[in-house]
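Undergrad: Residue numbers (the working numbering), protein chains in the order written: chain B, 1 to 381; chain D, 1001 to 1381.
In case anyone wonders, no lab produced these hints; they're calculated from the structure. What you were told as hints is all true, and nothing was included just to trick you.
If we take Cβ atoms under 8 Å as the criterion, some of the chain D residues that face chain B in the derived model are:
1. Lys1038
2. Pro1039
3. Val1045
4. Ala1104
5. Ala1105
6. Leu1345
7. Ser1360
8. Val1376
From a predicted model like this one, the values you see are computed outputs, not experimental measurements. Note that beta-carbon positions come from the ideal geometry of N, C-alpha and C, so glycine has one too.
Here's the letter readout for the chains.
There are 2 protein chains.
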Amino acid sequence: MTDQATPEATLEAALAAIRPADPAALDAARERQGRLTKPAGALGVLEEVSIRLAGLAGTCPSPDPAPAAVAVFAADHGVHAQGVSPWPQEVTAQMVANFLAGGAAVNVLARQAGAAVVVVDAGVATSLEGLVPEGAVVADATAIVPEQPRLIERAVRRGSDDISVRPAMTREQAIQGLAHGIVIAGELAGAGYRCLVAGDMGIANTTASAALIAAFTGADPADVTGRGTGIDDEAHRHKVGVVRVVLARRDAENAAAPQDPIDILASVGGLEHAQIAGFILGAAAHRVPIVLDGVIAGASALVAFALAPAAVDACLAGHRSAEPGHAVALQQLGLTPLVDLELRLGEGSGAVLALPLVRSAVAVLREMATFDGAGVTEKSS
Amino acid sequence: MTDQATPEATLEAALAAIRPADPAALDAARERQGRLTKPAGALGVLEEVSIRLAGLAGTCPSPDPAPAAVAVFAADHGVHAQGVSPWPQEVTAQMVANFLAGGAAVNVLARQAGAAVVVVDAGVATSLEGLVPEGAVVADATAIVPEQPRLIERAVRRGSDDISVRPAMTREQAIQGLAHGIVIAGELAGAGYRCLVAGDMGIANTTASAALIAAFTGADPADVTGRGTGIDDEAHRHKVGVVRVVLARRDAENAAAPQDPIDILASVGGLEHAQIAGFILGAAAHRVPIVLDGVIAGASALVAFALAPAAVDACLAGHRSAEPGHAVALQQLGLTPLVDLELRLGEGSGAVLALPLVRSAVAVLREMATFDGAGVTEKSS
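Okay, chain B solo, but in the shape it has when bound (with noise of 0.2 Å):
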């Protein structure tokens, strides 16, 4: 899994590795939560979410989650020709610069988590020149560092195609976003985070996370299409719409050669979509876990899970999305988001707020007396 090899067997080695949770020390963490000084079941979704890390490090209780590393994929979107969204398709770029300059919403939420930023370009359409402070621009992620975000320059091409039109990417290109996303994972556990998470700036990205989780849930597009960041009802209308065509275009593909879970995110996903899905399987693979952020990380989940099942055991819902279709992706995951407060703006803003609850939820395993050893009477059955 370096850069050196092909990006398809970057691919091959990263499914290769992927295993389950480990059942021994999933049930040794069930046992010790109910040893904890506090009646059973009481700390909710903080045990489970213990148990979950447990087992995905093979032991009871895990390592703390910390530090933790955000990648925040920046990618453009053919389909923001069809006037699905509100916002010039420029500010992705602009976002970019802001990130970089630590100004937008993920950088004041990762600064208060402790966690390092780093920004992939993905696929910009418009040109970073004259946006990028000098030195920004790293080899790859090795080289962050907690008080300065960094950008690594991973674009496979700038700017997906149209997808109401025609496919996003070729297959090729997905493979090369996976194989980036799988190669950078793995670069931040080699330098020690043990905690990732997807963060995401895309104009656009809303409709091709919503023709993907249709395309791999089934789900009607009026289901799973949302407001993004800010459209009124007609725009709505018109955006679900959108997404309808995408997915008509995708079923008559479908129909004349059956597609595989790469060939459906090159037809209907986007280039952060790619990575992104890498990303998680190079966290599952390296055993570290990764919390989630909205639709965008969602919808990228679903290729991953689609690819490698075993992936979701690395995989935390850092929040849960006001967007519609984040909703349908999480129940065909399986997982519960850890924070629930109507939040819509991607960026990883939604996950980097969760990483104090699944710090906490560790450090509760890891710390807490038990009944025997603090002397504490259990409850008549």
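We have chain B already, so just place chain D on it with the hints.
TA: Coordinates of chain D only, in the frame set by chain B:
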């Protein structure tokens, strides 16, 4: 508001000091949220928290709500004799020892959040002799340190009376409890704590909480009585029946002589409810935000709210408890919970988990770039 004042004078001074949120600061915070580099409203509940805290502080943005201090008010309940809990009453004292040894859930979570813990003996029934580590008892809350939990002794009496038979305490004892809570909040504010958390410990305290919530909201006992720390259907039916007996007794008292909020507290509440209600009033009087935990803090907040409606402007709901009475209390208070993880532990655990979210909300308003400052184009209308 010193310990030298009479309890009545301490209460009067706190009530006189409580003012509603500052409208100018609220407006300034709303306006600033609209200029930050994100779609309007995209940070959901976090935006509301930042606005609320600006209103409380009277400045926009509000100061960082840190460091935080958690006061865990421990007390016993005479209604335990009615068999409403499967846990023996000694567990309250044993858990005080566990708090002081740092082994309880709230200790682990407070360490993660960087919050100090002070345990308040508000009326534990069984002896703490031999359970309290040497040096753990301090004279007042100004002497606490983040690294080591401390105990302050503020027991008004050793456990409340059985509220299914007679009032929990006298009116004078209720006022004394309120005054203790007010003074403790003032001590913590004076010691530089910028965010307070009200936690609780007391076997059977969900029964008194259900009675308080029913008395203050008019809800039926069946709708506000939960399973506490774990009882089956039959035990739950019994518990609802006990709360009905409590309410019938209090209705008879009220018919004989109409009760004010302090009378209701004295009649159906608990010793920790009195001190937590006072703690909320004290926080509001000092304009320090207070994060409420679950159903015990929610019931106590109804008392504070009845005495000073503007006190709610200092309150944030830390989490949504699995106890049904909690939702009823939050609705009456108009508060939206920050964390929803199916917790049903108490101790302040849910509120402490919310502390990073509260700090993050304020950090967003303090640190995020604005559209004009970052050169990001706004969406077309």
